[in-house]
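Colleague: One letter stands for each residue in the lines below.
Protein chains: 2
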Amino acid sequence: MQNYMIVVSYDGTSYHGYQFQKNALTVQDVLEKNIKKLYSKMIRVEVAGRTDTGVHARGQVVNFLAPDLIPVERLSFALNRILPRDIVVMEARIVSNTFHARRDATAKVYSYTIDNGQLPDVFNRHYAYHVSNPLDVEAMKTGASFLLGEHDFKAFQAAGSTVQTTNRTLFSLKIEKQEPFIILSFEGSGFLYKMVRIITGTLIEVGRGKRRPEEIKEILEGKDRKGAGKTAPSKGVCLEKVVYRSLA
Amino acid sequence: MQNYMIVVSYDGTSYHGYQFQKNALTVQDVLEKNIKKLYSKMIRVEVAGRTDTGVHARGQVVNFLAPDLIPVERLSFALNRILPRDIVVMEARIVSNTFHARRDATAKVYSYTIDNGQLPDVFNRHYAYHVSNPLDVEAMKTGASFLLGEHDFKAFQAAGSTVQTTNRTLFSLKIEKQEPFIILSFEGSGFLYKMVRIITGTLIEVGRGKRRPEEIKEILEGKDRKGAGKTAPSKGVCLEKVVYRSLA
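Residue numbers (our numbering), protein chains in the order written: chain A, 1 to 248; chain B, 1 to 248.
Just chain A, with the same shape it has in the complex:
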């Protein structure tokens, strides 16, 4: 048996998120179904980040224990040949038997893409959230600066999740203009349920001049979801990368 790690990109538009659900198609269903085809048996796949319905990935990471049947340098090719076109394996490698895609992740990078053109870009309608009001990127950057570092991010967590602690460390939050898009890049130790979308929704309100940038600090300290802004739609989110200390 070998422990395989694969890096997966997917267009989440047609899926009810990553994780298995009753009566709804998920990325996990499709991955496990196709891995089963290769190995002629059901193989459980562990994932780094359980993405929501409509959320995309460029660098999702999964791992699974499988018999040593397919040379690792052929694994991406073998899977891509049978996977649907909206899921692509970008990389495959053998990792130590103790490696676990979620538990061993030390950081994750998520992006959020806002289409800030006057009219929506038709080719990015599934990958960007269209906001026609021109956003003040400098005000958004100032607002974002209050979130850097270790904080209790409870105010930016959606209801319905149970976690031991709502403390997380945000290593960086870059906001970049790429006309007509504005791209937010979050690198953090971990993210609470819908945290990327709630932070983005709140920063959009700052960008529109509906909130002062300093309110972000007050919201954070208030630790109350009601203090923060609207949850931005899932289609703007992409899991860009999962970081590991070592893959030896």
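Wrong hints could be hidden among the right ones.
All copies of an identical chain are treated as equivalent in the list; a pair is satisfied when it fits inside any one copy or across any two copies.
[Unchecked claim] Derived lysine to aspartate or glutamate pairs resembling EDC-like cross-links, with alpha carbons at most 20 Å apart:
no., residue 1, residue 2
1, K174, E138
2, K41, D115
3, K241, E179
4, K210, E179
Derived from the structure by calculation, the hints contain no laboratory data.
Keeping the supplied structure of chain A fixed, place chain B upon it in accordance with the hints.
Modeller: For chain B alone, kept in the frame of chain A given last:
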């Protein structure tokens, strides 16, 4: 009655091209159906470039004569509110009554996007043609240079079209690398049936080293479709812009 010119962008993935066809959904069907909703009567729409199945547009131009019911500055908004999300009106203006979107066009700009990454970019699978073999862009540029100017482009025309002359002028053909993409931009007086796709397919063979760049000159002079390369798939084509002398 006013003559309205509108600039339209669309994702051609779900359409059988621009022009009306029996038993197949086209962009023209959808535009005319929605313009009919606005004016409560059928209005014939003239188009600049009849794009093929799967071909996209950022700057398609159409015009139509309609009663002076909707202020022109509200027309884009009114149409975008009822159009499906894969067709977006970018601009609307009133033009002289003699203006005709196709007859008055002096040039058109088409792009062709090649995804030259080792593995396909999942988010561009409908907008780019994936070629995993690394292409020699310099060789492609040399090949392209033989096509500039006025020529008989018969060798690069697909069968099944009847035109008075196969002479066309190619003002420019730029080839640009935007990792992992290679983008070809064609500006010409007009284009023969599938000309952009046949030129691209032939230049890809040059980029793969299967043909010498100088063969492009020989193919052009041979005036025989069999001399040119394969037709690249339609999904890589986008009508970027239609040029007019004046819109007064």
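Colleague: Does each hint hold? Answer for all of them.
Modeller: Structure-based check of each hint:
In this homomeric assembly, K174 and E138 come within 20 Å of each other (Cα to Cα) only inside a single copy, at 11 Å, whereas the closest approach across copies is 36 Å. In this assembly of identical chains, the alpha carbons of K41 and D115 never lie at most 20 Å apart, being 43 Å within a copy and 34 Å across copies at closest. In the homo-oligomer, the alpha carbons of K241 and E179 lie at most 20 Å apart only across protomers (18 Å), although the nearest pairing inside one protomer, at 23 Å, exceeds that limit. In this assembly of identical chains, the alpha carbons of K210 and E179 never lie at most 20 Å apart, being 22 Å within a copy and 38 Å across copies at closest.
Checked against the numbered hints above, the structure breaks hints 2, 4 and satisfies the rest.
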